[in-house]
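Chemist: Each chain, written out:
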Amino acid sequence: MAERSFKREVQDLRLGAGETFTGEGILAITKALLESGVGYVGGYQGAPISHLMDVLADAQDLLGELGVRYEANASEAAAAAMLAASVHYPIRGAVTFKGAVGVNVASDALANLASSGVTGGALVIVGEDYGEGSSIMQERSHAFAMKSQFWLLDPRPNLPSIVQAVKQGFELSEASNTPVMLMVRIRSCHVTGQFECADNLRPPLSVRDALSEPRRDFARVVLPPMSYQHERDKVENRWPAAERFITEQGLNEVFGPETAPVGLVVQGGMYNGVIRALQRLGLADIEGRSAIPLYVLNVTYPLVKDEFLAFARGKDALLVVEEGQPEFIEQGLAAMLHRARSPVTLQGKGLFPMAGEYTGQIMLEGIAGFLKDAAPQLLPGQVIAPNAPPPEMPDLSQTVPIRPPGFCTGCPERPIFAAMKLVEQELGKHQITGDIGCHLFAALPPFEIGGSTMGYGLGPASNAAFDGGGARRAVSFIGDGGFWHNGLSSSIGNMVFNRSDSVAIVVDNYYSAATGGQDVLSSRAKNPSKATGNPISRALEGVGVKWVRQIDRTYDVGHMRDTIREALTTDYDGPKLIVASSECMLNRQRREKPLRAQAIREGRRVEAPRFGVDEDICTGDHACIRLSGCPSLSLKVLDDPLRDDPVASIDQTCVGCGNCGEVADAAVLCPSFYRADLVHNPGRWERLLAGWRSRIITWLQDRRARRQLDFGEAS
Amino acid sequence: MTRMDGVMTPQGADSARAITKLVVMAVGGQGGGVLTGWIEAVARAAGRAVQATSVAGVAQRTGATIYYIEIAPEGVAAPVFSLAPAAGDVDILIAAEMMEAGRAIQRGFVTPDRTVLIASEHRALAVSEKMVPGNGIAQADEVMAAAEIAAARFLSADMERLAVAKGSVISASLFGALAGSGALPFPRDAFETAIRNSGKGVEASLAAFTAGFEAVSAGPAQPEAAVTAKTPAEPAVQGPSAQLAAWAALTARVEALPADAREMALAGLRKVVAFQDCTYGGEYLDRLTALARQDEPAQGFELTREAAKHIANAMAYDDVIRVAGRKTRAARRARIDAEMGRSPQQGMQVTEFLHPRAEEISSLLPAGLGARVAASPRWMARLDRWFGHGRRIRSDRVSGFLQLYLLAGLRGYRRRTLRHAQEQAHLEAWLHKVGETRERDYDLAMELLRCRRLIKGYSDTHARGLSKFDRVMAGADLVAGRVDAADWVRRLREAALQDEEGRALDGALKTVRSFSS
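The listed protein sequences correspond, in order, to chains A and B. Here UniProt numbering is used: the first residue of the first sequence is 1, the next is one more, and so on. Here UniProt numbering is used: the first residue of the second sequence is 1, the next is one more, and so on.
Mixed in with the good hints, there may be bad ones.
Said to hold, decoys possible - Negatives, chain B to chain A, calculated, CB over 10 Å:
# : residue
1 : Ala84
2 : Asp396
3 : His432
4 : Arg482
Claimed, not checked - DSS-like cross-link-like pairs, simulated, lysine-lysine; straight-line CA separation at most 25 Å:
#  : chain 1 : residue 1 : chain 2 : residue 2
5  : B       : Lys200    : A       : Lys593
6  : A       : Lys7      : A       : Lys593
7  : A       : Lys372    : A       : Lys315
8  : B       : Lys166    : A       : Lys593
9  : A       : Lys636    : B       : Lys433
10 : B       : Lys510    : B       : Lys433
11 : A       : Lys305    : A       : Lys167
12 : A       : Lys234    : A       : Lys305
13 : A       : Lys305    : A       : Lys147
14 : A       : Lys7      : B       : Lys200
15 : A       : Lys234    : A       : Lys147
Honestly, the hints are just simulated from the structure, not real lab data. Positions of the beta carbon are idealized from the N, C-alpha and C atoms, including for glycine.
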């Protein structure tokens with residue numbers, strides 16, 4: 001079950017012509033797919049399109065009714081490969097994954113798909129995770145479109161434009177026999193808005209029907225001599241066809257006056273940011289009517305030469321607003337101007353930074369800078385010569401701490417890394433790699449474990465150079481998501497085949513947790529449409545791993561530590577695999593909380609555990625926090641003049657996972673932790689027993705109080 | 001290409017100024033998404049064009065997250081909204097935590113010409129603040145002061161406490177504060193309708209909404225007064241009459257100390273007597289009085305005050321007997337019940353996590369025997385085998401309680417233990433050095449007193465603290481005689497509290513050695 005449910009929202013996917021849809025970008029995309037008569041959909045989760053996968057999963061009933069096949073693909077490569085259905089069959093297909101990383105993983109399939117060419121419209125929807133808050137390396141998917149020759153759409157970031165781009169994407173794909181990539185930036189995936197709906201369409205040919213009449217066309221197989229013909233076909237036929245379609249259907253848009261000394265060439269996704277900058281400069285009104293011509297590239301690849309030169313004609317200077325690097329669009333446009341011997345000056349990077357997100361401030365400065373130089377008469381006087389310096393703000397850079405994401409309260413991965421840290425305190429520092437997933441948060445304080453991340457499922461593989469062993473064995477971590485994505489073959493198979501003398505720890509939290517809690521092969525939950533419950537340890541044995549330790553409660557820090565120590569010190573010189581399994585606490589709470597509340601309401605007995613710290617026993621050295629970092633384990637400044645340092649304190653968000661107590665025990669930290677189990681609806685016998693106990697204990701306490709001074713809480 | 005309609009002439013002023021731009025800065029898991037949804041619903045219900053966006057990648061996972069909302073003015077049907085906030089262009093900023101308010105100011109989202117800043121005064125500490133062995137908590141008052149300068153209007157209250165008190169989450173009290181601020185042109189019931197329509201935990205959310213609403217509309221002074229209701233300073237002392245008389249005699253002796261140090265001395269005395277008995281309290285006052293005689297009225301008796309604190313902490317060391325005693329007091333169970341919110345109908349099970357080592361056992365033995373055992377690796381290994389493993393003790397059960405109770409009862413015997421002998425020796429050596437130093441350098445003596453703060457924790461942590469204490473003391477010998485000796489010792493101590501392993505301390509000591517050798 002995914003972290004976020006769209007069960008209610010997917011009802012809106014049934015809206016028909018004449019009705020207005022209100023909601024988030026990802027839902028709008030799904031609705032557009034259904035209105036386009038898509039025959040099959042799939043993908044792999046990852047921000048920012050995780051929720052698109054969740055929407056599709058929650059919409060399975062509707063998809064089924066329409067005859068649309070939905071697959072939660074094993075990886076982006078598998079998703080892209082699925083588009084093969086559109087090679088020979090006139091069926092529209094769409095897959096979605098995270099930009100940059102997803103495109104990397106899928107590149108083999110995408111390249112083959114682009115070479116073969118398609119009959120039915122093939123759409124790859126990539127969510128670009130670029131800029132602030134991104135969890136991946138910063139690269140452009142644009143390069144893949146250029147090298148493999150598929151077309152790249154970057155629509156204006158509002159719901160009607162995105163919906164239109166989906167429909168046009170399929171048409172463009174079919175008109176040019178080329179797959180199309182639709183890029184949506186992270187904020188437009190989550191942007192809310194409205195659009196006018198059309199009716200959903202059943203696919204004219206469903207994948208089910210296609211199976212009754214199989215087709216093949218040798219000309220589309222990537223084998224010599226066809227592969228050579230494909231390249232020629234791309235350049236001679238598909239590209240011109242695409243240009244024709246883009247021009248005739250008007251996919252790119254022009255705003256503002258027909259004649260002007262200057263103009264802006266804008267990636268579709270940058271449009272709103274550009275308009276905001278123009279609004280602030282008094283050069284666009286609130287509804288986007290502009291005083292400066294804008295050429296908006298809703299298709300950023302290929303660039304259409306005639307269209308661009310027509311826009312450039314009669315202007316003195318153009319500014320390209322293109323986020324990211326290298327500046328592919330700017331280079332392409334500059335070459336066009338150069339070849340046409342155009343006198344128009346082209347500017348872009350330089351006024352804008354080569355690297356980094358185009359934030360509001362950067363956009364304002366870039367455009368104002370361009371106009372100051374190229375058309376100062378357009379700018380308000382205040383911009384050209386500001387009369388007052390901006391007010392001086394207090395410097396808080398030394399005060400405000402950074403706040404990177406970390407393990408959630410009660411996360412089952414925390415004790416694994418606490419154990420690893422304890423082992424390192426014993427045996428010294430080790431060479432450790434991480435993978436992709438929540439467990440990568442261990443690289444940050446307080447654990448600071450794991451030094452590299454080479455790709456999804458590649459954690460153990462990235463330790464391969466150290467497989468031969470040495471003074472201390474290398475350790476790698478891999479999540480269950482990464483394990484099934486690519487890890488089983490690329491990492492574990494690699495270890496077995498090369499007789500790796502290192503240790504890999506599979507962090508199995510029952511879900512693809514970092515991407516929002518989607519099920520994977522080894523998930524324990526019953527999923528009505530997917531086959532779950534395939535244990536990782538059996539897969540390991542199947543692939544030939546002889547040394548496997550399965551841990552079914554990661555919170556047992558002592559056991560966890562002993563197992564890691566054993567793996568690092570055993571005589572066995574083959575690959576050593578530890579599967580550390582406990583359910584993701586976010587998902588577990590989501591599942592159990594309502595059930596628990598229900599049980600309490602019904603008067604059934606429920607134990608609710610929570611941890612506490614005896615503040616008078618805690619000395620304020622915070623060793624427990626250095627082995628935890630739990631959000632619910634925080635500090636409290638005591639109202640005691642004798643104490644200088646704040647003491648540990650556990651707040652009401654504690655879920656009683658037990659890590660605090662286990663760590664205090666395993667690391668022999670201090671005796672201030674206790675677990676308090678609040679018993680709701682205790683039975684009659686239990687209440688009676690508690691009463692007796694309490695009376696005896698009270699008697700003992702009174703006895704002692706009679707013999708020595710008691711200061712209450714204050715001492 | 002498609003030619004779109006619409007041309008305008010330059011108008012010289014920001015045409016999007018009429019769009020209300022609202023930023024929510026939250027910590028993952030605070031319900032920033034819910035709050036954003038509510039705000040959007042209010043605006044949409046009022047017939048406004050509205051747009052919300054977020055970067056939700058790390059929502060739920062404790063990182064800093066930003067939500068952004070734009071609301072068009074009345075009558076504008078199809079505005080072009082921005083998808084991200086820009087510095088200097090934000091009307092309302094809601095910070096769900098004090099340092100997030102600071103981050104917003106840093107990023108230029110709070111400007112004096114227009115921004116209404118609504119912030120919760122509570123702190124969700126970042127890991128970097130919590131993991132410091134000393135006090136690493138960032139200065140919230142600096143952010144409060146900056147907010148006064150940076151914002152056009154600054155409204156704050158402890159929104160977390162207000163919400164938790166109503167059984168809700170902070171998003172609801174912040175929503176109430178937004179309504180109460182009057183920064184959005186919608187009536188209160190429009191906000192409440194948005195909560196009602198969302199359909200989940202409505203009653204609790206509405207109660208927290210009201211609390212937030214009132215906290216900012218009541219004016220800044222009133223809610224504060226309610227928060228800082230301090231507990232009475234003088235708790236009642238109870239016990240047998242002979243000891244009460246002895247206690248009264250001790251408090252009378254405190255009166256003889258310099259006035260500036262009395263309060264601290266009384267707190268220290270209470271701690272020491274609670275730790276052992278009135279005789280021990282007398283010894284505390286002997287030590288303190290001796291130092292007070294050496295003190296300087298011109299310095300406001302700061303040395304005595306510091307001594308009152310640190311001698312008490314040193315004398316009330318954390319041994320097994322003290323821990324067992326603290327865990328078996330009636331007041332403790334009452335505190336746990338209150339903290340966990342137990343009602344009389346509910347049960348409560350309390351499990352203690354204890355892990356004695358051979359060192360704890362040997363230090364409980366009579367001093368002579370204990371020292372011999374501690375010196376014998378064979379005996380220590382044996383003790384570790386017998387006693388040294390993790391214990392989970394159910395202190396709500398009679399059997400578990402009795403184990404701790406009996407241990408606590410060893411108090412009378414404590415003075416004969418090895419641990420006591422060690423602590424006394426350490427204390428005497430330290431105080432001797434302080435007294436000696438006092439003759440030459442008042443400030444340095446005070447810094448040496450303060451170094452006692454380095455010794456804390458149990459087992460390895462305690463050993464590490466002791467070693468840091470020793471190293472700082474050794475560093476003090478190197479700088480003794482310099483004019484800035486006290487300052488150097490202060491720096492060494494602060495370095496020692498920065499990290500666990502003492503890397504900062506090593507660096508500082510290296511510097512000291514570089515100029516003292």
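Chemist: All hints are to be evaluated individually against the structure, with a verdict given for each.
Modeler: Evaluation of the provided hints:
Its closest Cβ contact with chain A, about 6 Å, brings alanine 84 (chain B) to no more than 10 Å, contrary to its assignment away from the interface. Once the 10 Å rule is applied to beta carbons, aspartate 396 (chain B) is inconsistent with being away from chain A; the minimum gap is 6 Å. Taking the minimum C-beta to C-beta distance to chain A, about 22 Å, the non-interface status of histidine 432 (chain B) holds against the 10 Å cut. With 10 Å as the threshold on Cβ separation, the claim that arginine 482 (chain B) sits away from chain A holds: the shortest Cβ distance comes to roughly 25 Å.
A threshold of 25 Å between alpha carbons decides the hint, and for lysine 200 (chain B) with lysine 593 (chain A) the separation of about 14 Å falls inside it, so the pair holds. Our distance criterion of 25 Å between C-alpha atoms is met by lysine 7 (chain A) and lysine 593 (chain A), whose separation comes to about 19 Å. In summary, the hint linking lysine 372 (chain A) to lysine 315 (chain A) is supported, as the alpha carbons are separated by about 16 Å, within the 25 Å threshold. With a CA separation close to 19 Å, the supplied pair lysine 166 (chain B) and lysine 593 (chain A) stays within the 25 Å bound.
Our distance criterion of 25 Å between C-alpha atoms is broken by lysine 636 (chain A) and lysine 433 (chain B), whose separation comes to about 33 Å. Restraint check for lysine 510 (chain B) and lysine 433 (chain B): satisfied, since their Cα atoms lie roughly 23 Å apart, inside the 25 Å limit. Taken as a hint, the lysine 305 (chain A) and lysine 167 (chain A) pair is honoured in the structure, with Cα atoms around 24 Å apart against an allowance of 25 Å. With a C-alpha separation of about 17 Å, the suggested pair lysine 234 (chain A) and lysine 305 (chain A) falls inside the 25 Å cut-off, and the hint holds.
A C-alpha spacing of about 19 Å is found between lysine 305 (chain A) and lysine 147 (chain A), which places the hinted pair at or below 25 Å, so the restraint holds. For the suggested pair lysine 7 (chain A) and lysine 200 (chain B), the alpha carbons sit about 15 Å apart, so the restraint of at most 25 Å is met. For the proposed pair lysine 234 (chain A) and lysine 147 (chain A), the alpha carbon gap of about 11 Å is at most 25 Å, so the pair holds.
Comparing the model with each numbered hint stated earlier shows that hints 1, 2, 9 do not hold.
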